[in-house]
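Trainee: Letter by letter, the chains look like this.
Protein chains: 4
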Amino acid sequence: MVLKVTKSALPPIEKSENPEMVERKGKGHPDSVSDECAEAISRALSKYYLENFGQVFHHNVDKFSIIGGIAKPRFGGGDIVELQKFLAIGRATNQVMVKGSIHYIPIGTIVVDTVRDVIKKTFRNLDPDTQCNIDHVLRPGSLDLVGVFDAGVSATPLANDTSFGVGFAPFSDAEKITLEAELLLNSDKFKDKCPASGEDIKVMTHRLGDEVNVTVCNAMVSKYCPDKAAYVNARDMVKNAVQDLAAKIIPKKKVIVNVNTGDILDKEVYFLTITGTSAENGDDGVVGRGNRASGLITPTNGRPQTLEAAAGKNPINHVGKIYSIMSNEIARKIVAEAKGDAIEVYVRLLSQIGHPINDPWLGDIEVKVAPNADFNKLEKLSKEVAQSVLDDWMGVRKMFLEGKARVW
Amino acid sequence: MVLKVTKSALPPIEKSENPEMVERKGKGHPDSVSDECAEAISRALSKYYLENFGQVFHHNVDKFSIIGGIAKPRFGGGDIVELQKFLAIGRATNQVMVKGSIHYIPIGTIVVDTVRDVIKKTFRNLDPDTQCNIDHVLRPGSLDLVGVFDAGVSATPLANDTSFGVGFAPFSDAEKITLEAELLLNSDKFKDKCPASGEDIKVMTHRLGDEVNVTVCNAMVSKYCPDKAAYVNARDMVKNAVQDLAAKIIPKKKVIVNVNTGDILDKEVYFLTITGTSAENGDDGVVGRGNRASGLITPTNGRPQTLEAAAGKNPINHVGKIYSIMSNEIARKIVAEAKGDAIEVYVRLLSQIGHPINDPWLGDIEVKVAPNADFNKLEKLSKEVAQSVLDDWMGVRKMFLEGKARVW
Amino acid sequence: MVLKVTKSALPPIEKSENPEMVERKGKGHPDSVSDECAEAISRALSKYYLENFGQVFHHNVDKFSIIGGIAKPRFGGGDIVELQKFLAIGRATNQVMVKGSIHYIPIGTIVVDTVRDVIKKTFRNLDPDTQCNIDHVLRPGSLDLVGVFDAGVSATPLANDTSFGVGFAPFSDAEKITLEAELLLNSDKFKDKCPASGEDIKVMTHRLGDEVNVTVCNAMVSKYCPDKAAYVNARDMVKNAVQDLAAKIIPKKKVIVNVNTGDILDKEVYFLTITGTSAENGDDGVVGRGNRASGLITPTNGRPQTLEAAAGKNPINHVGKIYSIMSNEIARKIVAEAKGDAIEVYVRLLSQIGHPINDPWLGDIEVKVAPNADFNKLEKLSKEVAQSVLDDWMGVRKMFLEGKARVW
Amino acid sequence: MVLKVTKSALPPIEKSENPEMVERKGKGHPDSVSDECAEAISRALSKYYLENFGQVFHHNVDKFSIIGGIAKPRFGGGDIVELQKFLAIGRATNQVMVKGSIHYIPIGTIVVDTVRDVIKKTFRNLDPDTQCNIDHVLRPGSLDLVGVFDAGVSATPLANDTSFGVGFAPFSDAEKITLEAELLLNSDKFKDKCPASGEDIKVMTHRLGDEVNVTVCNAMVSKYCPDKAAYVNARDMVKNAVQDLAAKIIPKKKVIVNVNTGDILDKEVYFLTITGTSAENGDDGVVGRGNRASGLITPTNGRPQTLEAAAGKNPINHVGKIYSIMSNEIARKIVAEAKGDAIEVYVRLLSQIGHPINDPWLGDIEVKVAPNADFNKLEKLSKEVAQSVLDDWMGVRKMFLEGKARVW
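Protein chains in written order, with our numbering: chain A, 1 to 408; chain B, 1 to 408; chain C, 1 to 408; chain D, 1 to 408.
Incorrect hints may have been included.
Derived, one-sided and incomplete: chain B residues facing chain D with beta-carbon distance under 10 Å [claimed, not checked]:
1) Val-81
2) Glu-82
3) Asn-94
4) His-136
Here are the simulated EDC-like pairs of lysine to aspartate or glutamate, each with C-alpha atoms no more than 16 Å apart in a straight line [what the hints assert, rightly or not]:
5) A:Lys-377 - A:Asp-341
6) D:Lys-85 - B:Asp-135
7) B:Lys-333 - B:Asp-266
8) A:Lys-4 - B:Glu-211
9) C:Lys-4 - D:Asp-210
10) B:Lys-85 - D:Asp-210
11) B:Lys-380 - B:Asp-341
12) B:Lys-7 - A:Glu-17
13) D:Lys-4 - C:Glu-17
14) D:Lys-4 - C:Glu-211
15) A:Lys-7 - B:Glu-17
16) D:Lys-368 - C:Glu-17
17) C:Lys-333 - C:Asp-244
18) B:Lys-333 - B:Asp-391
19) A:Lys-85 - C:Asp-129
20) C:Lys-368 - D:Glu-17
21) C:Lys-85 - A:Asp-129
22) C:Lys-248 - C:Glu-180
23) A:Lys-368 - B:Glu-17
Footprint (simulated), chain D over chain B, 3 or more residues, beta carbon under 8 Å [stated by the list, open to error]:
24) 102-111
25) 123-134
26) 176-182
In case anyone wonders, no lab produced these hints; they're calculated from the structure.
Yeah, the Cβ is synthetic: ideal placement off N, Cα and C, and Gly gets one too.
Can you make the complete structure from the sequences, with help from the hints?
Mentor: Below, the structure is given as structure tokens:
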């Protein structure tokens, strides 16, 4: 491995002249739901494989798609005309030969149980049994990839591909409010207070200097909106909640919050849904098109992003997945351990197919160094942290298997 | 619109200490094929709408998916066990009311004709009629979005959403060889010489200092590989072609080329296919998971990337799509017109839902200024170029309708 | 209408030299479940159309199919590997224009609610939400048929097609035991006593002279069969129940009962299922392939049969459906009102497309006349009964809408 | 086996007072096409299994369905809005273990190749590649049935189930004209002369005394009908062709022919199609819902019918299929060999699961004996003929494998 640690030439993000742009798709957004379903299926498959065969077999559900339905919401109610469809696309080992006899993996049951569970945990007003259709087209894997995969059972797994993983830390104010606003609006506490707020939420933020613009797109639930006034009231509650949160967590910024800016009230255009998600009416979702493993989408100047989808891939040797989590972990740890010397840390890892996953082809750690900090010490620290996280592939795997790694 | 033009604090990319990482998924890669199918369907729908009704109606095919099949290739041939499936997911206006009577759009026919055409143009060894299944689940759009959309028929269209578009220019050496290697390997000229080389190609490049590593993943076509020797020979032809190209277009770099590094010859692990694409055996594809509108995936430090998928969206008011193309266009034009004063240009555009598309919420143009160049002049030039490209939304639309805009 | 009443030249069925052959597919047989789902969807659609628009619109779900799953049952349990799929195939009006605005019919919701309900009412051990997938491909109707259909809204409906309906009465002993055995085995009383007996039951009977052979095929439920002994015991309970029933309802016949004759105990071949239906493992079902509207399949010499499927068709003007019920009704009524003078009655009706449904093209009533009975009186009675049933199309429609007409 | 030969008490069908009712669904009717596809797939699978493994493995495609599309025909042309879908439903062995290694059957390729071939051979104006979607959900078979099946590889196969087969000979005049009219109208000769006549044809006949009513339903092809006059002209050509045929083959009957009686010309209601089949617009088809193995549907008094579908089932031990062909064969042979002594012959066979297929549980041969004929001789002849056909199961299998057995 070549591991480069460099000083960044850029100023700290809060001091940059460049505007910041941040987005988070909430837990009920079709892309996030797709990510969550894919990852949950990967977990369930891994668990089944482990319990029955002592090892995780090849699988990759990273094209899980939600095909939007057709709905006709109206204040107070509405009709589901066509159900939304949850379709697991990908590959999974479906039979295993043990001592000459074939064992069948109950893929169909694993998919339906898992997806129903995700829907129930994600949505308050979407019934998996009467408002959703759950299906899969998971097929056995390519022989080539299985070859690489199987080799990695006992020792350090070998990278299944040449892939990137990128991460950074810490979050800027704009990033903080984007993430936290969604978490708050999708918390039980807020939903209990404002049941009209559906789980399909998108927070889009941009900052220029000290002014932070937060635009929230929140699908409202029709049965809790008997009329236009109730809808507008719910919109206000969302706005106020985010405004209050901003005052608390990023007090120094001037924050402007807007909600459902696409509405045209006098033309009866609202973001109204029956179930709290736009997928009920034609908005589709798919793995890897939403939040990065950081939890955010950050096209801001200087923030790294990869196209690699983490969700749904196998947690054993899929480096695109593993490095996505590790990169962010490395960045966070360096910032933490550097105790102020590293203002910001950016990590990029590139794997080499067929090589142990703790030995990437290339590691690139870029640090915005604090004034007066000792770069040599930082360099050393960074390398140590990076290697220790890379070597702890077993710990990362455990996080995946226990559902503790953020993948969206 | 706030349009910021800033000087970049970073050195030119070729002089940066940071490693570069670049990837291009070739025209036969399942993700690229998905992009191409989605965009071609958007074009075909737009054309149909225009010819029959004088305007483009709402559509969004940006979740087009390829569900991999099952194949058992062997040297000289093999069996397609299950066909790969091309599934158009999304929304499209399927009926139009004209003077009280309903006109039906032949969505099914448009999809199948378009996808067959894309397959034939993309692949030499994949037959759309006997080796593919083509289907769609395109549903009518959400009333909300249709509302915004319809408003944009006559005057400057209004942005359908709050979305990002990012772009940059010019390409670095690593980026050049990545793009050009794929274009060369997928050219008729090379395919005529090396018919075993399938169209599913991935080029992954990283550069550290002057050393450029190019890894090519090329699905080989079994009927042109009667045996292992033929396979290895084809691999060598690919390698040599890229090596020669590098010597020609980036002569100053030290270039190392590797092909199909996942092969393990003595374990009979090859990247062998019947049809030239890994989608024949379980590799799925989906829109928006491959190349950005630049033609590349660039997680490199400093290179901007958006998650927005350009392919398949409507070309009238989908700002995510339109700004993706415009950003790159603006960057290229500034570089060209600045005649050496702008070493690199980065463009970020953020739309405001409901506002005219030539008036973004935020524009961010970052320039790496040449020594001795006049930044004020550059700033003025940049603003003028940006506005003129934004105002030329009709020209960009025309590029989409004529298939001249690069979306992957 | 030409209505012929003729004397049959054949002896009463019980005295015929010819063997009798009778079959009944029980309520859990995939073909019967398909029929039931199709008919229930027709009822639900009719109800929705009536309640919302005051009339029944065109629909035809008479190709409803069950696509068998993959299951691996074992004594005491087993795995559902792939779910069985309930697929509604056919046509249904999905939008209605009222005063210039379009109303959408929630077809998707109607289908899923109805099919879940049928599954719950039919099976004790099949969960619609975790062991079944429910979907539909119902499309708008052909303009031609809609034309004929709409014309029949106010007055006597016009026949939608040229179709047959046939019926007969009364049942022979072999027919009685075939029907009643299934009803008994699928009764709550028997299931409470023998929970291992699944609802997928086929009774196949043949009679030669006084000897009646009854073969019962009954899918056993694995969780109630911890071992081979329990399975064999359940088989015996089925056998004994049918034997006892025969002694009670057809005491004069010598009845031999066999259960699951395909079993080969020493080769571990059983009719074992997890859910009580063979559809869990690849046995498919479809409308119109099971019992006729009489409740039976009767290839016996002299018993009439039509290929017309009654289930799922619209109850307003689909003569194939309406005449199937009317023919049996006419036969039963003539037998009842003739008080012994008509030993057996066979009815055949042939419609004429575009003519009122109470005016068939051809009616053929064949009577096995009792010795000394007055044929002229019988002829008159038969014609009167036939016409009164034909004229009571409103009563028959009501039976369909209330789910009181037997269609399988 | 109990084999009964009995004298029929009924008069010859031509002399019966009862009306006759006969129907034939032509080769382009969705039900017939489904039958043909299913049978062709069974043939193709059998051929593949035999060539690669020396034996026919379990399969059953007898629920093949055609899901109608959506089309908007108009004189001279029209639009295919949604494609019709050809969906193979059923079971087929998809992997075979040979000496410890698994061989995969290319089910997907076999299905698509076969169905394309059937479409091309059946229709002149339906393109399988741009107007049809071909797919399958064939799954591996139930262990139980595989058990019975495998046992029958070497010796006389054992019946896979308890099933009926019925047949009769010869055809009546009404039956002859029904069958021959369809064969004529779907002949190349007629199509060359009247290209507007599509292949989706239904002939429905009833006879009362000497009067024979023939109703032909023929989907017309829009591109050959530039206007109403051309349509009416094509209708007349169909009518005249059938009228001329009747004069030739059943000269003694008074024949009335009607074509497309559902048309209402002044309301613009026609049976017009783009492709020659009603499946283009919502008319679905499925195996086993059309013609019996006799080639006809015959609800006429006295004509036997079974619900058993012959098409798509395995030709080795599926007795429902095999006995359907054998019954008709036995009836025809007895009539032929009895040289006038047997006016009509009816055959019913009932299998016994697990017993050799040449040893049915019950055989019932009913003969309408010519005046002065010797019944004892007929009885003997009938038994001999029956047994010889039953014993020639290898010949019947060959007919299936070579596509020479009529199954619809």
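Trainee: A separate judgement is required for each hint: does it hold in the structure or not?
Mentor: Structure-based check of each hint:
At its closest, the beta carbon of B:Val-81 sits 5 Å from a beta carbon of chain D; the interface hint therefore holds under the 10 Å criterion. Interface hint status for B:Glu-82: upheld, as the beta-carbon distance to the closest one in chain D is roughly 4 Å, under 10 Å. This hint holds: B:Asn-94 has a C-beta 8 Å from the nearest C-beta of chain D, less than the 10 Å allowed. Hint status for B:His-136: holds, given a least beta-carbon distance of 9 Å to chain D, under 10 Å.
Of the pairs offered as hints, the one joining A:Lys-377 and A:Asp-341 holds, with about 10 Å between alpha carbons and a cut-off of 16 Å not exceeded. Restraint check for D:Lys-85 and B:Asp-135: the C-alpha separation of about 10 Å stays at or below 16 Å, so the hint holds. Straight-line distance between C-alpha atoms of B:Lys-333 and B:Asp-266 comes to about 51 Å, which puts the hinted pair past the 16 Å bound. A C-alpha spacing of about 14 Å is found between A:Lys-4 and B:Glu-211, which places the hinted pair at or below 16 Å, so the restraint holds.
With a CA separation close to 15 Å, the supplied pair C:Lys-4 and D:Asp-210 stays within the 16 Å bound. Distance hint between B:Lys-85 and D:Asp-210 is unfulfilled; the C-alpha atoms sit about 57 Å from each other, more than 16 Å. A C-alpha spacing of about 13 Å is found between B:Lys-380 and B:Asp-341, which places the hinted pair at or below 16 Å, so the restraint holds. For the suggested pair B:Lys-7 and A:Glu-17, the alpha carbons sit about 9 Å apart, so the restraint of at most 16 Å is met.
Between D:Lys-4 and C:Glu-17 the CA atoms are separated by roughly 9 Å; this keeps the pair inside 16 Å, and the hint holds. Under the criterion of a C-alpha separation no larger than 16 Å, the hint pairing D:Lys-4 with C:Glu-211 is consistent with the structure, at around 14 Å. The suggested pairing of A:Lys-7 with B:Glu-17 holds, with an alpha-carbon distance near 9 Å, which does not exceed 16 Å. Only pairs whose Cα atoms come within 16 Å are accepted, and D:Lys-368 paired with C:Glu-17 is accepted, the gap being roughly 14 Å.
Between the alpha carbons of C:Lys-333 and C:Asp-244 the distance comes to roughly 30 Å, so the proposed pair goes past 16 Å and is violated. For the suggested pair B:Lys-333 and B:Asp-391, the alpha carbons sit about 14 Å apart, so the restraint of at most 16 Å is met. The hinted pair formed by A:Lys-85 and C:Asp-129 meets the criterion: a straight-line CA distance of about 14 Å does not exceed 16 Å. Of the supplied pair hints, the one linking C:Lys-368 and D:Glu-17 holds, its CA atoms being roughly 14 Å apart against a limit of 16 Å.
As the CA atoms of C:Lys-85 and A:Asp-129 are separated by approximately 14 Å, the hinted pair is consistent with the 16 Å bound. Of the supplied pair hints, the one linking C:Lys-248 and C:Glu-180 holds, its CA atoms being roughly 11 Å apart against a limit of 16 Å. A threshold of 16 Å between alpha carbons decides the hint, and for A:Lys-368 with B:Glu-17 the separation of about 14 Å falls inside it, so the pair holds. Here's how the stretch 102-111 of chain B fares: 6 of its residues keep a CB closer than 8 Å to some CB of chain D, so the rule of at least three is met and the hint holds.
Under a criterion of three residues with beta carbons nearer than 8 Å to beta carbons of chain D, the stated coverage of the stretch 123-134 of chain B is upheld, 6 such residues being counted. Counting residues of the stretch 176-182 of chain B whose CB lies closer than 8 Å to any CB of chain D gives 0, which falls below the minimum of 3, so the coverage claim is violated.
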